[in-house]
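> Here's the letter readout for the chains.
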Amino acid sequence: MAGFVAVLRKDLTLELRGGESTLALVALSILILIVMVFALNPAGGAADAPIAAGALWVAMIFAGMAGAARTVLAERDNGCLRALYLSPLDRGAIFLAKLAAASIFMVVAEAAVVLMLVLFFNLDFDLRLVRMLPALALGLIGFAALATLLAAISGRVHAGDLLMPLLAVPMYVPALIAGVKASAAALGGAQWSAMGQWLRIMIAFDVLFVAAGFILFEHLLGED
Amino acid sequence: MMDAPAIEARGLFKSFGAAPVLRGIDLAIAPGRALMIIGRNGAGKSTLLRLLAGLGAPNDGEVRLFGTPSRKLEAADRRRLGMLTHQSFLYPNLTARENLEFYCALYRVADSAAAIGRWLERVGLARFAAERVRAFSRGMEQRLALARALIHRPDALLMDEPFAALDPDGAELAATLIREALARGCAVALTAHRAFDLDAGRCTARELVRGRLLDAPANAASAERAEYPPAHPGVGAR
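Read top to bottom, the protein sequences are chains A and B.
Going by this note's numbering, the first sequence wraps up at 224, each residue one higher than the last.
Going by this note's numbering, the second sequence wraps up at 462, each residue one higher than the last.
Among the hints, a few may not be true.
Claimed, not checked - With a Cα cut of at most 25 Å, we get these calculated SDA-like pairs of lysine to any residue: (1) B:K296 x A:V130; (2) B:K296 x A:R76; (3) B:K296 x A:G222; (4) B:K296 x A:L96; (5) B:K296 x A:L115; (6) B:K296 x B:A252; (7) B:K296 x A:I177; (8) B:K296 x A:F4; (9) B:K296 x A:D124; (10) B:K296 x A:G92; (11) B:K296 x A:A43.
Hints listed in this document are in silico derivations from the structure and should not be mistaken for laboratory results.
Based on the provided sequences and hints, a complete structural model is requested.
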């Protein structure tokens, strides 16, 4: 636990000092949202719920690709990833710390995006937004886990930097569809029960990729 | 009777593509002993140290640290290993103190605040404790990397050209730190381009030539001490 806290604290300190990841996440998210709003020209109201949900998730995915993997990629400087591998820290704990840091960065970006979404789509701050939060949280954890895993894999393969854009979205499709559907249902005023099946898919996705990262990270940090 | 080796390699082969880099390396380093691996650029010194650390996998042969295959070390044994490479393992945007605090947390160093203060003083960086590493010169970074590698008092130390980028005082400091580690029973494997006098009683030099470790380094006699620590410990230290 102490090692997990040390890695997470270090990543947050570095981010607060540099701020590249979160700033990039926030800026890109808002830009994408603005483009979507101008392209789709929403009229406002419940009918726009699917459009708003789609715009929200597109913004989250593309911004996530730009920033969520940085906690792993930054460790390549000065060979710090090797230092983590050599340290007595459990490699699964390193993955969890990286996942936690990426999730925190994405939460900040997500908060800004939701705020913009409310403004651009003329939504009310009401229970509908609260009902959307579980889908957002699950989607965010799943994407951060996938991005962290792909970032670790990218260090081991030729032209690994292409992995993220090529693989992240296709692999994330099940959670993406479920997230859009659940968010649209929530914004459209549906009850919790209408979102249940989509949330279950997202939980399964999260469990799969968090477990895969926890188990595989040890092998991905090592070298050939 | 000689102690069981802390660092041991048997029949180590490594190639990159069709090019063999290491061809049947055997070595054993007991606690309190050092092996100086001498070789030219590209001789395979860094590759050998990476394999010894378990950072890479050999094509054939086996590496053991503390009697355990190096790729399967448990956390307790990984805590006993220290490594210094060409890469400093330091975070440029953290200060010198924060970097050491991070590694102390990873290695669970007792009374870390005192240990960090002591080591910063020891490597001559106490004045720069609050400076970010990205502002350091290469030599200062190497001094901090020395502290980083030694702060948890490892029982086995792997050092890839530990005197690189250091000025004469820094090189003497590094040699003194290695001698102290040897004196407390640490096993050390280090690489260098040329032989130098580290500790005649504890250190053996071997030369890595075309992937094989030869017993007597061909250039030991022509060691140029101007670039390496002087033969007499203590001169110019700190």
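> Each hint needs a verdict: does it hold in this structure or not?
Taking the hints in turn, this is what the structure says about them:
1. B:K296 x A:V130: violated (47 Å)
2. B:K296 x A:R76: With a Cα-Cα distance of about 23 Å, the restraint between K296 of chain B and R76 of chain A holds, given a limit of 25 Å.
3. B:K296 x A:G222: holds (11 Å)
4. B:K296 x A:L96: holds (21 Å)
5. B:K296 x A:L115: The given pair, whose Cα atoms are some 49 Å apart, is violated under the 25 Å limit.
6. B:K296 x B:A252: With a Cα-Cα distance of about 18 Å, the restraint between K296 of chain B and A252 of chain B holds, given a limit of 25 Å.
7. B:K296 x A:I177: Violated, at about 41 Å.
8. B:K296 x A:F4: Holds, at roughly 21 Å.
9. B:K296 x A:D124: Outside the cut-off at roughly 56 Å; violated.
10. B:K296 x A:G92: Satisfied, since the Cα-Cα distance of roughly 15 Å is no more than 25 Å.
11. B:K296 x A:A43: Answer violated: K296 of chain B to A43 of chain A is near 61 Å, above 25 Å.
The structure fails to meet hints 1, 5, 7, 9, 11 from the earlier list, while all remaining hints are met.
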